Amino acid sequence: MRKPSRAALLLALIPFAAMCFSVPLWDRIDPMLLGLPFNLFWLIAWIGLSSGCMWLAYRLERAQLRRAGQPQ
Amino acid sequence: MSPAALCLTTILAIVAVGTTVGFLAGVRRRMDLEQWTVGGRGFGVALVFLLMAGEVYTTFAFLGASGWAYSRGGPTLYVLAYLTLAYVVSFFILPQIWEVGRRHGMQTQSDFFLARYRNPWLAGFVCIVGIVCFVPYLQLQITGVGLIVSIASYDSIGRGPAMAVAVALLVAFVCASGVRAVAWVSIVKDVLMVFAALAIGIGVPLIHFGGIGAMFRALAQAHPAHLTMPGATSNLGHAWFISTVLLTSLGFYMWPHAFAASFTARSADTLRRNAVVMPLYTLTLAFIFFAGFAAVLVVPGLSNGDLALLTVVRKSFPPWFLGAVGGAGALTAMVPASIFILTAATLFAKNLYRPLFAPAMSDAQVARLARAMAVVLGLASLTCALLASTTLVSLLLTGYAGVTQFFPGVVLGLYWPRVSGRAVFTGMIAGVGSAVLLMTTHHDPLLGLSAGFLALCLNFLIVVVLSLLTPAVSRDAARHGTLAWAAGT
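Protein chains in written order, with the numbering used here: chain U, 1 to 72; chain L, 73 to 561.
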């Protein structure tokens, strides 16, 4: 099985760091942003940002698959 | 028409429309085992998205998540994190699973373990654990339908009869239609659910507080501790959050149905693109949380938090709207429940009964047995739902503690040639055993960490150590065997 590229794995670690491991840093109510407690705001923002990270990972993997000549 | 009658009629109409769409989707196709279970492996991005969204956003998301926002507060935020991260994980395993799946003609998760490790006992064990873990998940859906109908009928219909009707409908639907029907009903369900979530999430705070910001300010003032962890609980703090998010995001695609859904895709690329777009769907859940949090102030003192969403809707909106939300909720329970029944029945017939008791069975006979099994499973879950009472979230977490124990065998099986079947089997038994032990003796969470996560760590450790202890000669053979397995030679 072809292993995923290191860059794609690093991109995937970003959402894990932001939404999971760093919870003591962002689990608070203030400052309230857009009317939301900070922890809720942070998670909602990272739903979108995670999708962005995975889009970049997708572009990387696809370019690699093309180079390797594998069918899509 | 009385409010209850109006409300129930709306629910019934929605369920009828949804079911009809499903029946029509399957009607012109011959239903052999391959078509019934993996839709002929021809689904594009859109249908895979619908199928996966259809099975992911269950009554758990609808009533359970808002119920925990109401009764537990802060810890419920784990749901937003774990769903998003589950798709991140899926990017690295589903396309690979799809590739080996196509090469070996896999239809179920158990097929994967059999092809990779060539150990029928391991494959059988995976099968049994998978089926057992479905029972609490199914029970969750059936309980959800019961709650919806009893609230929508303004408490005139009991939960028991409502649940019985729901199970009968489910089993009939599954036996007649198969996986393609489920993907199509998901369209009706998803549109309704997004609409309902937005309307409730914005509407409830607006009606009672004048806006979402005002609602959160009022809640932060009245119950300052409710919005952060551990919220209204004593032991669900940050360590619990991290361990639970890891457990559930790694375990998400270890559910036999989610695993098997990847086989329906047309290509591996479909699954990669799916991993990019799926997180955005999680945004819907944020709105359901708004309603759950608003309910803390609007309808305080409910004995069962899972009633919070519907109770606050009933208090804020006219009966037809409660009916529409109830209909969306009912489909949200029935679509995933049909997938669970379909998957568990196929697992039982194809991977357990046929290899052990009747090797000569044809695919057509397996398909018939699977349908019979669907009835048995429906009845088993109904019995559990009638007897037990626990929160919807706890039910789901119980299932996760079990299915996540497949993760080491799957991910190491894909990427580590050296991992041995015996190691995976030993680790899995230790993982499932310790999870059951910790949960039945009420040691969840233990030392602040989720019990399922601790079991997963033990499992991983055993698999890695035992595989490293495997002698070098057979290791080369294993490497050769794995390469052959992955390359299809």
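Read the hints as simulated data drawn from the structure, not as lab findings.
Everything numeric in this text was worked out from a predicted model, so none of it was measured.
Among these hints, one or two may not hold up.
Once the Cα atoms are required to be at most 20 Å apart in a straight line, the calculated EDC-like pairs of lysine to aspartate or glutamate come out as [stated by the list, open to error]:
{"no.": "1", "chain 1": "L", "residue 1": "K387", "chain 2": "L", "residue 2": "D227"}
{"no.": "2", "chain 1": "U", "residue 1": "K3", "chain 2": "L", "residue 2": "D227"}
{"no.": "3", "chain 1": "U", "residue 1": "K3", "chain 2": "L", "residue 2": "E171"}
To see whether the hints hold, each was checked on the structure:
Of the supplied pair hints, the one linking K387/L and D227/L holds, its CA atoms being roughly 14 Å apart against a limit of 20 Å. Between K3/U and D227/L the CA atoms are separated by roughly 56 Å; this puts the pair beyond 20 Å, and the hint is violated. Only pairs whose Cα atoms come within 20 Å are accepted, and K3/U paired with E171/L is accepted, the gap being roughly 13 Å.
This entry does not satisfy hint 2, going by the numbered hints stated previously; all others are met.
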